[in-house]
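Student: Take a look at the letters that make up each chain.
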Amino acid sequence: MAEGDKTYKVRYKNHCTPQERLVASGRYYLDSDCGRKLTGVADTSATLTAAGTLTTGAVISTSTLEIVTAGSNADFVYIKNTGSVDAIISLNGTSGNYYILLSEGEAFASEIHVDANVFVKTASGTSTIEHFSET
Amino acid sequence: MPNARRIIFSTYVVPTFSIEREETSVTSTEFQTSPAGTLGGKGSASIDATQWGDGWVSFSHHKGYWEDQGDVWELQGETWSGELSITTTATHQDLTDDGSDLGFLYIKNTGTDNNCLVSLNGVSGNYYIIIPPNGSVHLRGGSTSFNCNSVFVKSNTDTTTIEFIIAQITP
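Chains C and R are the protein sequences, given in the same order.
Going by our numbering, the first residue of the first sequence is number 1, and it counts up by one from there.
Going by our numbering, the first residue of the second sequence is number 1001, and it counts up by one from there.
If you're looking for bench data, these hints aren't it; they were derived computationally from the structure.
A hint or two may mislead.
As the list claims (entries may be wrong) - Computed footprint of chain C on chain R; a stretch qualifies when at least three of its residues, placed anywhere within it, have a C-beta under 8 Å from a C-beta of chain C:
no. : segment
1   : 1054-1060
2   : 1083-1089
Claimed, not checked - Some chain R residues judged to face chain C by a derived CB distance under 10 Å, without partners named:
no. : residue
3   : Met-1001
4   : Ile-1007
5   : Ile-1008
6   : Phe-1009
7   : Ser-1044
8   : Gly-1099
9   : Leu-1139
10  : Ser-1150
What the hints assert, rightly or not - The calculated lysine-lysine pairs, modelled on PhoX-like cross-linking and capped at a C-alpha distance of 25 Å, are:
no. : chain 1 : residue 1 : chain 2 : residue 2
11  : R       : Lys-1042  : C       : Lys-6
12  : R       : Lys-1042  : C       : Lys-9
13  : C       : Lys-121   : R       : Lys-1042
14  : R       : Lys-1042  : C       : Lys-13
15  : C       : Lys-6     : C       : Lys-37
In this text, a Cβ means the ideal position worked out from N, Cα and C, and glycines have one as well.
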């Protein structure tokens, strides 16, 4: 790397804690089937060549909003629902499978294939999201 | 038998860049201009108290029942590590063949060299989610068309290992 050269990196962590309770209205404990908290931390495996841009306050509705264009070489995507209405995400186009659900305050972050075509919408009503992608 | 189950989850993202300074081998790392900080979110997913099977978490051996043991157990030299080995062939590498609605999915690539590729829409679907070694992904199911057996995984090359949670939710 020469003087002044920049290298870009996105480090991301997805963490979860499975819990169970034994009686109604009881206290939740660590799920006995799993036995521990789970975390993965990694940098994107793809070499990033440019800085990303965070977009905040994007309004979504039942009409689709494109976040990542297919073939745009986006290697990483982050989407957070900052509104109060559930958002649903498709990774394979506007008419694709809206399989990922984000409620208020929840985020999805993943390295993605360059052919991924990411769209976001609501099932009904409007919400807002912030999103960040990088190539 | 639990009365209820849930999964608390969070996401944390740190976009940075490093720049070589005038002095040889001296680099500094800073936040990218946008967002100029970290990103993240958190939430809680309710899942069914009774899951589709013991294999909803990878930490349970897929031959955990005596009748499924093909050998005398005391003669087996291995214990279940809680990790599933996967190859570049996606066939038969669905995490489960259960068709219940998917409530929550977590996959961590516990391998050291190769990426794990994930399809949410079947064995011939789009392997658009990439999990680098030691990385993970989690998501909530948002459609009654999205079932536990919709999820397939494979390695981008050679083999890797994963640990996972694939939990059902009854709408």
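Student: Would you mind marking each hint as holding or not holding in the structure?
Tutor: A quick look at each hint next to the structure:
no.	hint	verdict
1	1054-1060	holds (count 5)
2	1083-1089	violated (count 0)
3	Met-1001	holds (8 Å)
4	Ile-1007	holds (5 Å)
5	Ile-1008	holds (4 Å)
6	Phe-1009	holds (4 Å)
7	Ser-1044	holds (9 Å)
8	Gly-1099	violated (15 Å)
9	Leu-1139	holds (5 Å)
10	Ser-1150	holds (8 Å)
11	R:Lys-1042 / C:Lys-6	violated (31 Å)
12	R:Lys-1042 / C:Lys-9	holds (22 Å)
13	C:Lys-121 / R:Lys-1042	holds (20 Å)
14	R:Lys-1042 / C:Lys-13	holds (12 Å)
15	C:Lys-6 / C:Lys-37	violated (35 Å)
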